[in-house]
Amino acid sequence: MPETPRYIEALGQAMADEMERDDSVITLGVDVGAAGGVYGVTKGLQERFGPERVRDTPIAEAGVVGAAVGAAMAGLRPIVEIMYMDFASVCLDPIVNQAAKLRYMTGGGVKVPVVFRTQTGGGRSGGAQHSQSLEGMLAHFPGLRVFCPADARDAHDLLVAAVRDDSPVCFVENRRLYPRRSEDWDRDSLPPGLPRVVRQGDELTVVTWGRMVSETTRALEHVEGPGADPEIIDLRTLVPLDLSLVSDSVSRTGRCLVVHEAVESYGPGAEIVARIIDQALYYLDGPVERFGALPTPVPYSPTLEAEMLPTHESIARRLTAVATA
Amino acid sequence: MASAATATGPAGELRDLYGTMARIRAFEERVAKHFRDGDIHGFVHVSIGQEAVAAGACAALQRDDLITTTHRGHGHCIAKGADPERMFAELFGRATGLCGGKGGSMHIADPALGILGANGIVGAGIPLAAGAGLAARVRGDGRVALAFFGEGAVHCGAFHEGVTLAVAWSLPVVFVCENNGYAEFTRSDAWGGPTLIARAESYGLPANSVAGDDPIAVRSAVAEAAARARAGEGPCFVEARAVRFAGHYEGDPQQYRSEEEFAAREQHDPLLLSRDGLGAELADELRRAAEEEMDDAVAAALDAPYPEPATVRDDVYA
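Taken in sequence, the protein lines are chains V and U. Counting in the working numbering, the first sequence runs without a single skipped number right up to 396 at its last residue. Counting in the working numbering, the second sequence runs without a single skipped number right up to 345 at its last residue.
Hints are not guaranteed to be accurate.
[Claimed, not checked] So, partial list: chain U residues that the calculated Cβ filter (under 7 angstroms) puts toward chain V: (1) Ala136; (2) Ala157; (3) Leu161; (4) Gly189; (5) Leu192; (6) Val194; (7) Gly306.
Don't read these hints as lab results, they were simulated from the structure. Just so it is clear, CB atoms sit at the ideal spot from N, CA and C, and this is done for glycine as well.
So here's chain V without its partners, still in its complex pose (with noise of 0.2 angstroms):
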């Protein structure tokens, strides 16, 4: 049997498949022509489809994302990447003020049909610059989608759901997902806004997406006991999102803990969270809680950061307060 792909040639393949099937896709970006992407997600695709439509930016992120949404407005279908997550900060006007808001601010009259393909990836000393994730900010903004695949299939199928997306999606990658297959490759298609079952349980619900989701499904190798049986269910993206997967399992189990990436306070578990009581208040034998990364900037020294960000071992330890509370 062929081997699957990776998460990096599944992206790949979605943008060369995308480009392939409509000459309104284009993507650009620093060094994502002749270089192929910092990582190497579009390797090949400027050689296939040429300079034009595969096309290297000068270091001018908000430029560069203002001009793929005004070539949003003006009939093309953009993918513009902004290499590290934490370089939205130097193009939210274009992101947050323009994209964000033309269709509503025009009553209709525009769409916007731009990916701001993006990766992030805390753990690697990537330092306070290189590791945020943002992408809790992102879905705070109506008018944004937020895609977060956590696997290779996901982060195919998504990709294309967001190239053929009429609103502007923030796609975010996960750079140590990037050498990854998944485990279950040929798995039915889901659209954006399902959650998936990744792991099935009975004694809480792990509510979670991006890296995490492998890191919880680790976290599992410590747990003897109490915590050692969660539904792990991955959201897939944060827009759109039915949580009705999520309530009807948080419902069962009677427990419920999210886990993300991104710092806690203020972060997107405590709107998952505040949206799963609303739901399954009545069914709750225990806390419904959230875990995630300190609120401090991204470490750089390897100690301070596996402090710092949720792992499989304290992940393990939340399992077990959870499942005992």
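Following the hints, put chain U in place on chain V, whose structure we already have.
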């Protein structure tokens, strides 16, 4: 290039430009009045004194060319062909407005006419126009994108980055910098530095400075730039020097301006300056027609319904 000049000769060209300027003036005077009367909500910025820039620049464009504009964008929209009744309706917050009442003055747009929108963020339209030019290039549809912005915007990063991209990629973009002398409340010479033309040329942009109270001068400079852009020869920069007659926003007490400065404004009134060339009789007739048109537009817009509250969540996503 299709324009009033080739269609009807020089006299016809001035008549058309004057007619557009008269319509903008009549529109903006009613905006000021209805802001005072409370029919217009929030913030509103009028372009009285700058009508020749809008009229001249848009006369040099084709119908499907694309523009981005600023918080002071009513004139650009009218000159690009937007319907004044639907513009007033937008400013009055009505359902029949160009944006269904969701945009207002600072976000007014008519994408069907290539008007990608006014913008509440100074400079933000510049990269958007570069991207619209990129789309025109990739699609090969022959369109040109034009960014209107003020001289205050040249200090912001969006100008530097947008221009850098347009030059690097030789995009079909025309940058029209309306120099009205003030960045909000502050005189634009407060910051020193090189002139607008020197700045533009430093990026490798062909640059031309014209009297922004002369619609024919603006039209010919922009027509030349647009023709270059359409021919694949890349972007150009046009500075149009004009005077902002009103405050930064309606209600601005303008304590930063002297009596002498107020008194001197008329010397740069594009409608007065073009009046003799056109002939007083025809000029007055065009002014009267514009007044009537805008009175009718206001009346119809004031009669229009407000949006249904239940539509508040429509069009957040496509």
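Results for each hint:
1. With a cut of 7 angstroms, the hint placing alanine 136/U at the interface with chain V holds, because the nearest CB-to-CB distance is about 5 angstroms.
2. Among the interface hints, the one on alanine 157/U holds; its C-beta lies about 5 angstroms from the nearest C-beta in chain V, closer than the 7 angstroms criterion.
3. At its closest, the beta carbon of leucine 161/U sits 5 angstroms from a beta carbon of chain V; the interface hint therefore holds under the 7 angstroms criterion.
4. A hinted interface residue such as glycine 189/U counts as satisfied when its beta carbon comes closer than 7 angstroms to some beta carbon of chain V; here the least separation is about 5 angstroms, so the hint holds.
5. The interface hint given for leucine 192/U is met, as the beta carbon of that residue sits about 5 angstroms from the closest beta carbon of chain V, less than 7 angstroms.
6. The interface hint given for valine 194/U is broken, as the beta carbon of that residue sits about 10 angstroms from the closest beta carbon of chain V, more than 7 angstroms.
7. For glycine 306/U, the suggested interface contact is broken, since its CB lies about 40 angstroms from the closest CB of chain V, more than 7 angstroms.
Violated hints, listed in ascending order, are 6, 7; each of the other numbered hints is respected by the structure.
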